[in-house]
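Chemist: As given, the protein sequences belong to chains A and B, one line each in that order. Residue numbering for the first sequence follows my numbering, beginning at 35 and increasing consecutively. Residue numbering for the second sequence follows my numbering, beginning at 35 and increasing consecutively.
Mixed in with the good hints, there may be bad ones.
Claimed, not checked - Computed list of lysine to aspartate or glutamate pairs in DMTMM-like fashion (alpha-carbon distance at most 25 Å, straight line):
{"no.": "1", "chain 1": "B", "residue 1": "K231", "chain 2": "A", "residue 2": "E42"}
{"no.": "2", "chain 1": "A", "residue 1": "K49", "chain 2": "B", "residue 2": "E100"}
{"no.": "3", "chain 1": "B", "residue 1": "K39", "chain 2": "A", "residue 2": "E136"}
{"no.": "4", "chain 1": "B", "residue 1": "K192", "chain 2": "A", "residue 2": "E98"}
{"no.": "5", "chain 1": "A", "residue 1": "K57", "chain 2": "B", "residue 2": "D176"}
{"no.": "6", "chain 1": "B", "residue 1": "K145", "chain 2": "A", "residue 2": "D176"}
{"no.": "7", "chain 1": "B", "residue 1": "K49", "chain 2": "A", "residue 2": "E136"}
{"no.": "8", "chain 1": "B", "residue 1": "K223", "chain 2": "B", "residue 2": "E100"}
{"no.": "9", "chain 1": "A", "residue 1": "K39", "chain 2": "B", "residue 2": "E54"}
To be verified - Chain B is faced by these chain A residues, among others (derived, beta-carbon under 8 Å):
{"no.": "10", "residue": "G119"}
{"no.": "11", "residue": "V141"}
{"no.": "12", "residue": "Y275"}
Said to hold, decoys possible - Here are the in silico distance ranges between beta carbons for each label pair:
{"no.": "13", "chain 1": "B", "residue 1": "A40", "chain 2": "A", "residue 2": "V37", "range": "49 to 55 Å"}
{"no.": "14", "chain 1": "A", "residue 1": "S43", "chain 2": "B", "residue 2": "E293", "range": "45 to 51 Å"}
{"no.": "15", "chain 1": "A", "residue 1": "D314", "chain 2": "B", "residue 2": "P108", "range": "48 to 54 Å"}
{"no.": "16", "chain 1": "A", "residue 1": "E144", "chain 2": "B", "residue 2": "K110", "range": "52 to 58 Å"}
{"no.": "17", "chain 1": "A", "residue 1": "D314", "chain 2": "B", "residue 2": "E36", "range": "26 to 32 Å"}
Keep in mind the hints are simulated off the structure, nothing from the lab. Yeah, the Cβ is synthetic: ideal placement off N, Cα and C, and Gly gets one too.
Take a look at the letters that make up each chain.
2 protein chains.
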Amino acid sequence: MEVVKATESVRVLVKAARSEGKKVGFVPTMGALHVGHIFLIEAAVKECDFVVVSIFVNPTQFGEGEDFEKYPRPLKADLDICRKGGVDVVFLPTPEQMYPTENITWVNVEKLTETLCGQSRPGHFRGVATVCAKLFNIVAPDIAFFGAKDAQQAVVIKRMVADLNMPVDIVVCPTVREPSGLAVSSRNKYLSEEQKKDATSIYRSLQKCEEMIKAGTKDTGIIITEMQKILNQVPSIEIEYVSIVDAESLQIIDHIIGEVLAAVSVRIGQARLIDNIPVDSDRE
Amino acid sequence: MEVVKATESVRVLVKAARSEGKKVGFVPTMGALHVGHIFLIEAAVKECDFVVVSIFVNPTQFGEGEDFEKYPRPLKADLDICRKGGVDVVFLPTPEQMYPTENITWVNVEKLTETLCGQSRPGHFRGVATVCAKLFNIVAPDIAFFGAKDAQQAVVIKRMVADLNMPVDIVVCPTVREPSGLAVSSRNKYLSEEQKKDATSIYRSLQKCEEMIKAGTKDTGIIITEMQKILNQVPSIEIEYVSIVDAESLQIIDHIIGEVLAAVSVRIGQARLIDNIPVDSDRE
């Protein structure tokens with residue numbers, strides 16, 4: 035496994051692999067790798083002949099007062115995971131390499147970024163789309179792999195790729211959960227054991243939503259009230275949003291129809307946690 | 035010469051050329067090709083082994099009330115020019131192919147687009163940057179060629195390529211002028227013979243600027259006043275802007291220092307005409 039810091043080195047390695055006819059897979063990450071990432075790496079290794087993982091805590095997707103500084107950076111453990119996972123290249127750029135001058139070029143995906151996390155984290159998806167555009171241009175993968183836990187991110191990146199004709203396929207892998215139902219996340223490291231138990235109510239609220247939709251409830255207001263009740267039973271939880279949106283447009287809906295996405299964001303102690311569940315209301 | 039309309043066809047042809055080790059050159063145009071474009075095609079043919087020209091009047095870079103509808107589209111003459119020029123592929127997409135759904139992803143280059151044409155054409159450079167990002171992703175050229183007459187466009191595209199790590203080199207070719215000094219432009223077709231004569235004062239104003247800088251004048255206000263005098267002698271000319279900016283940042287400067295760009299935009303009859311002259315104030 036090669037660990038490289040320079041963009042030119044990544045380009046050279048990928049070019050060599052492609053000249054051998056290899057299909058190139060890419061897993062962009064911010065490090066602090068967990069079983070969700072391992073799942074993405076496994077999917078990439080299975081689907082492709084040459085796998086690049088980037089580890090870059092991207093400053094432009096963090097807002098003022100967010101956790102950029104304290105975001106976990108366990109580099110040695112991350113590299114071990116990549117090595118065991120069969121990754122060919124780990125790309126480890128510095129912020130100075132990714133943003134050598136003031137960045138004045140931004141990729142903005144409109145509309146899709148107006149709801150859910152877009153409301154509470156202004157500029158977040160602009161930073162995500164821009165750094166993904168940069169990474170795709172550096173790595174030039176055939177397929178890039180994203181996790182479904184960041185559902186809005188996946189929808190935004192897919193739309194960016196389509197709108198800008200980027201020559202890459204986007205594969206979205208299902209959310210990985212702990213036995214308790216808690217979605218695995220690098221930010222779970224901010225939680226005490228007690229808080230982790232509290233956080234299981236997030237998934238329980240999403241399951242409640244799924245049950246109600248399957249049982250025929252159409253009014254999203256009624257469903258959201260039930261979800262909020264579950265979350266409000268836990269004193270440590272501060273709700274940021276509980277939303278039900280159209281799965282494609284991410285617009286808030288009043289009435290359940292077709293494929294929808296129920297999404298929750300809460301704060302517990304130092305952590306901001308998000309989770310979601312897709313529900314196809316037309317299927318039993 | 036192949037003339038193709040589908041993005042997939044361009045990708046296949048370029049991929050085949052690249053697999054033969056050919057260097058791929060790209061000249062993005064809106065058609066209505068003139069000697070300026072011929073110069074770009076010549077440069078591309080000289081520098082590269084495989085040359086793609088796109089002809090696409092891009093709707094997203096025209097504002098309300100601008101000349102999108104009446105922009106000249108002499109397709110047969112354009113294809114003749116490409117054929118004679120030794121172009122390998124002409125890419126002729128329709129607006130529906132380039133924008134199959136509502137476009138919600140935009141590439142914004144900030145700061146550089148705040149002065150000059152950015153002020154009078156809000157949204158113009160957002161459309162230019164976005165369509166160039168799309169075309170670069172479809173054509174995947176090694177080098178793309180732009181004309182210096184659209185100086186701000188060239189600076190914006192160069193910065194977009196750098197900021198987004200796009201794997202393409204940008205070459206900017208000098209402005210081509212008629213013997214009268216008038217910069218060649220597709221929009222000169224909107225001018226009568228009389229108006230063409232009137233329009234020569236644009237270049238005369240730019241030459242005056244260059245002379246004054248070479249003679250040691252440092253105060254841009256004094257220079258701009260002299261340039262305006264030349265333009266105001268022609269009753270048919272309505273000045274949009276007469277500006278002197280730093281050649282790299284495109285910020286308005288009060289005092290001549292280093293490399294500067296003098297730029298003029300005027301309206302004559304139905305036409306909006308722009309021209310510019312780069313001046314290195316440190317060189318005799």
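Chemist: Hints first: check each against the structure and report whether it holds.
Modeler: Status of the hints after comparison with the structure:
1. B:K231 <-> A:E42: Roughly 51 Å separates the two Cα atoms, so the pair is violated.
2. A:K49 <-> B:E100: violated, 43 Å
3. B:K39 <-> A:E136: violated, 38 Å
4. B:K192 <-> A:E98: violated, 30 Å
5. A:K57 <-> B:D176: Holds, at roughly 21 Å.
6. B:K145 <-> A:D176: violated, 33 Å
7. B:K49 <-> A:E136: violated, 34 Å
8. B:K223 <-> B:E100: Given that 25 Å is the threshold and the Cα spacing comes to 15 Å, the pair holds.
9. A:K39 <-> B:E54: Not OK: K39 (chain A) and E54 (chain B) at ~30 Å, beyond 25 Å, violated.
10. G119: For G119 (chain A), the interface hint is violated, since the closest Cβ of chain B sits about 25 Å away, which is over 8 Å.
11. V141: holds, 6 Å
12. Y275: Because about 22 Å separates Y275 (chain A) from the closest Cβ in chain B, which is outside the 8 Å limit, the hint is violated.
13. B:A40 <-> A:V37: 49 to 55 Å: violated, 40 Å
14. A:S43 <-> B:E293: 45 to 51 Å: Hint violated: Cβ distance 33 Å, outside 45 to 51 Å.
15. A:D314 <-> B:P108: 48 to 54 Å: Given range 48 to 54 Å: holds, Cβ gap about 51 Å.
16. A:E144 <-> B:K110: 52 to 58 Å: violated, 38 Å
17. A:D314 <-> B:E36: 26 to 32 Å: At roughly 44 Å between Cβ atoms, E36 (chain B) and D314 (chain A) fall outside 26 to 32 Å, so the hint is violated.
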